[in-house]
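Asks: Sequence:
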Amino acid sequence: MSEHAGQGGSAAGHDLADLINARIDRGRFHELHWTGTFWDYLDICAKNPAVLRNAYQRLYDAVMAYGSEHYKLFKKDCVRYHFFSDPFDNGADGIFGLDFTLMQMVDTLRSAAEGYGTDKRILLLHGPVGSSKSTIARLLKKGAEHYSRTAEGALYSYSWLLDEHCEISPVHGDSKEAAKTHEFACPMHEDPLILAPREARVDLLARLNESYTPEHHSGKLRVEGEPDPFCRKIFEDLMTFYDGDWKKVMGHVKVRRIVLSEKDRVGIGTFQPKDEKNQDSTELTGDINYRKIAQYGSDSDPRAFNFDGELNIANRGICEFIEVLKLDVAFLYDLLGASQEHTIKPKKFAQTYIDEVIVGHTNEPEYKRLQSNEMMEAFRDRTIKIDVPYNIRLDDEIKIYQKDFGERKLSAMHIAPHTLEVAAMWAVLSRLEEPKKAGLTLMQKMKLYNGKSIPGFTEDSVRELKEEATREGMDGISPRFVQDKISNTLVSRQAIEEKTINPFMVINQLEAGLDHHSLINADETKKRYKELLSAVKEEYEDIIKGEVQRAISADED
Numbered sequence: 001m002s003e004h005a006g007q008g009g010s011a012a013g014h015d016l017a018d019l020i021n022a023r024i025d026r027g028r029f030h031e032l033h034w035t036g037t038f039w040d041y042l043d044i045c046a047k048n049p050a051v052l053r054n055a056y057q058r059l060y061d062a063v064m065a066y067g068s069e070h071y072k073l074f075k076k077d078c079v080r081y082h083f084f085s086d087p088f089d090n091g092a093d094g095i096f097g098l099d100f101t102l103m104q105m106v107d108t109l110r111s112a113a114e115g116y117g118t119d120k121r122i123l124l125l126h127g128p129v130g131s132s133k134s135t136i137a138r139l140l141k142k143g144a145e146h147y148s149r150t151a152e153g154a155l156y157s158y159s160w161l162l163d164e165h166c167e168i169s170p171v172h173g174d175s176k177e178a179a180k181t182h183e184f185a186c187p188m189h190e191d192p193l194i195l196a197p198r199e200a201r202v203d204l205l206a207r208l209n210e211s212y213t214p215e216h217h218s219g220k221l222r223v224e225g226e227p228d229p230f231c232r233k234i235f236e237d238l239m240t241f242y243d244g245d246w247k248k249v250m251g252h253v254k255v256r257r258i259v260l261s262e263k264d265r266v267g268i269g270t271f272q273p274k275d276e277k278n279q280d281s282t283e284l285t286g287d288i289n290y291r292k293i294a295q296y297g298s299d300s301d302p303r304a305f306n307f308d309g310e311l312n313i314a315n316r317g318i319c320e321f322i323e324v325l326k327l328d329v330a331f332l333y334d335l336l337g338a339s340q341e342h343t344i345k346p347k348k349f350a351q352t353y354i355d356e357v358i359v360g361h362t363n364e365p366e367y368k369r370l371q372s373n374e375m376m377e378a379f380r381d382r383t384i385k386i387d388v389p390y391n392i393r394l395d396d397e398i399k400i401y402q403k404d405f406g407e408r409k410l411s412a413m414h415i416a417p418h419t420l421e422v423a424a425m426w427a428v429l430s431r432l433e434e435p436k437k438a439g440l441t442l443m444q445k446m447k448l449y450n451g452k453s454i455p456g457f458t459e460d461s462v463r464e465l466k467e468e469a470t471r472e473g474m475d476g477i478s479p480r481f482v483q484d485k486i487s488n489t490l491v492s493r494q495a496i497e498e499k500t501i502n503p504f505m506v507i508n509q510l511e512a513g514l515d516h517h518s519l520i521n522a523d524e525t526k527k528r529y530k531e532l533l534s535a536v537k538e539e540y541e542d543i544i545k546g547e548v549q550r551a552i553s554a555d556e557d
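Residue numbering for the sequence shown follows this note's numbering, starting at 1 and increasing by one per position.
With a straight-line Cα cutoff of 25 Å, these simulated DSS-like cross-link-like pairs (lysine-lysine) come out:
1. Lys452 - Lys537
2. Lys399 - Lys530
3. Lys142 - Lys120
4. Lys292 - Lys180
5. Lys447 - Lys72
6. Lys537 - Lys526
7. Lys220 - Lys47
8. Lys345 - Lys274
9. Lys437 - Lys466
Hints are computed from structural coordinates only; laboratory data are not their basis. Nothing here was measured: the structure is a model prediction, and the numbers come from that model.
Please model the complete structure; the sequences and the hints are all you need to start from.
Replies: Next comes the structure, spelled out in structure tokens:
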């Protein structure tokens with residue numbers, strides 16, 4: 001009898017079903033949905049103490065797990081972390097040309113993983129619009145999710161086994177045993193070892209750290225804080241019921257493997273500013289469940305509270321704050337404790353411990369406003385600013401546009417040679433400062449940065465040029481603007497008729513777009529950018545002349 005008998009459908013449909021089924025790994029499903037007792041979890045800890053890493057240690061290890069390569073740039077040692085090439089999604093969010101920025105961020109993560117104090121700070125990505133701040137935050141979240149699905153990145157939480165009303169009620173006929181009929185998950189995905197009494201943790205961690213050899217130097221294991229108010233109440237009630245017998249209390253704990261997931265709101269949170277009238281701090285720290293007050297008799301019973309704010313659900317992982325400095329001051333106050341003390345204050349409950357990486361990003365106008373606001377000194381003191389500039393190397397800028405407009409993406413449309421290069425050239429020139437060295441043009445400076453040798457200039461000259469222009473890359477044309485204009489060129493009537501686009505078509509679109517650019521108001525700036533377009537045209541003509549000469553000299557006829 002057919003495997004699909006009784007399921008209906010055609011043979012072709014069954015073939016497609018088999019195709020889908022062949023890609024489903026049930027063994028993998030069972031691995032990711034493992035459950036066991038608290039004692040099973042202690043066995044796992046003994047064999048693999050790395051399951052106890054905190055959020056910073058886990059994120060740092062996730063970055064390092066994908067490897068890196070060392071090279072020299074501007075006579076400086078540089079590291080390229082493959083994590084930021086987006087190995088999780090075929091390079092869809094790959095970042096180019098920001099290796100120094102990413103090195104600074106990874107160094108901060110390592111320092112935090114070691115417990116040197118930077119774990120008590122907010123990572124603030126700061127830079128102009130379109131400089132990859134959101135992409136970096138998205139990669140951190142995506143990478144943390146993927147790492148939690150690997151054997152090396154496994155992490156665990158727990159549920160309580162109680163009666164159907166989430167209460168401790170004796171099993172019928174035996175008042176010494178409480179019912180275990182229903183499962184209630186820890187709302188903040190805490191590690192099961194947080195249930196170990198504080199007086200036992202020192203010896204426990206000393207034993208586990210003896211056998212723990214961190215692969216990437218991410219520091220000693222630390223289990224800090226107390227259970228959240230919900231789990232604390234259940235724990236205390238069970239301890240009372242069992243007259244202080246901790247082992248019997250642990251019999252009500254069911255441990256399960258968890259996978260970090262933004263969609264499922266497990267360990268990954270994202271907070272975005274909205275209208276002040278429609279947003280309050282309960283979105284960060286949870287709110288009272290009014291339907292359950294009648295059941296439990298009080299609004300201060302943690303069972304009548306939803307611990308589902310972004311900072312609650314992001315516990316054990318990452319919380320991203322989009323445009324963090326646009327937040328109302330009340331939200332920023334919540335972040336002060338969340339960063340420095342690793343605690344949040346849910347309404348009507350005590351300070352609650354959290355273990356998460358807090359990443360915010362902001363543009364320059366908001367950051368300048370923060371600097372001038374004396375009332376926000378405490379917030380400034382708790383942030384580590386990481387500048388995320390635009391690319392100033394031509395080859396890296398070209399890679400950004402090839403990702404969206406490469407041959408694979410545009411099989412029906414031909415892009416003439418140097419088209420993307422010309423667009424990238426103009427974008428990079430707009431971000432560079434005029435060189436102070438006599439006899440050096442802006443175009444030559446761009447070529448030097450790109451690794452081309454120019455008579456009279458050495459690598460030391462390049463380093464000097466970099467040092468004298470500290471703000472380079474923090475102003476200029478955004479890659480988004482260039483991408484929009486290339487898109488406009490691709491759908492223009494001329495391009496559709498000829499099935500091709502060339503550098504002159506893109507230059508015309510860029511020039512026309514400047515008059516309507518929403519972020520450029522000064523006439524002087526527009527004039528400068530148009531002059532740079534003229535310089536790019538001249539450079540393109542020189543490139544073409546050189547190629548024609550080479551083609552003629554190579555042709556024997």
